[in-house]
Amino acid sequence: MKKSEIKFTVSLDDDNLPKSIEWDATDKEAEGAESTRSISLNVWDTLNQSTLRIDLWTSEMSVAEMKRFYIDILGGMGQNILNSTGDEYYSEEIKALCDRLVKHVNEENEKKQ
Numbered sequence: 077m078k079k080s081e082i083k084f085t086v087s088l089d090d091d092n093l094p095k096s097i098e099w100d101a102t103d104k105e106a107e108g109a110e111s112t113r114s115i116s117l118n119v120w121d122t123l124n125q126s127t128l129r130i131d132l133w134t135s136e137m138s139v140a141e142m143k144r145f146y147i148d149i150l151g152g153m154g155q156n157i158l159n160s161t162g163d164e165y166y167s168e169e170i171k172a173l174c175d176r177l178v179k180h181v182n183e184e185n186e187k188k189q
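Every number in our numbering is 76 more than the matching position in the sequence shown, counting from 1.
It is possible that some hints are incorrect.
Think about it this way: if two alpha-carbon atoms lie no more than 27 Å apart in a straight line, the pair counts; the simulated DSSO-like pairs of lysine-lysine are [to be verified]:
no., residue 1, residue 2
1, Lys79, Lys104
2, Lys83, Lys143
3, Lys188, Lys171
Read the hints as simulated data drawn from the structure, not as lab findings.
Construct the complete structure from the given sequences, taking the supplied hints into account.
Shown next as structure tokens:
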């Protein structure tokens, strides 16, 4: 059986907030750890029938990037639910939410200009 490993390394500042985040994976195309500004990891806890979450970001992650990051995550979840369950309604509802969020973010950006 093939195994794959994903590794996150988080450096913390004096207040225990993420200063830098690096990730690496055995199946990643490029070799060596890569820097990122944010991670969001969700794990299904079978025993408790609930989701465990780890959300970390550095101070370098802008608000605009954070909003885009979560829209992308939601969009991916919509596609994943379609692939894993075939539930088109569920997937389309997530896509519609993403469309509304993109519109909201675009309107916010226009106001700032």
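Verification of the supplied hints:
no., hint, in the structure
1, Lys79 to Lys104, "13 Å, holds"
2, Lys83 to Lys143, "24 Å, holds"
3, Lys188 to Lys171, "26 Å, holds"
Checked against the numbered hints given earlier, the structure satisfies every one of them.
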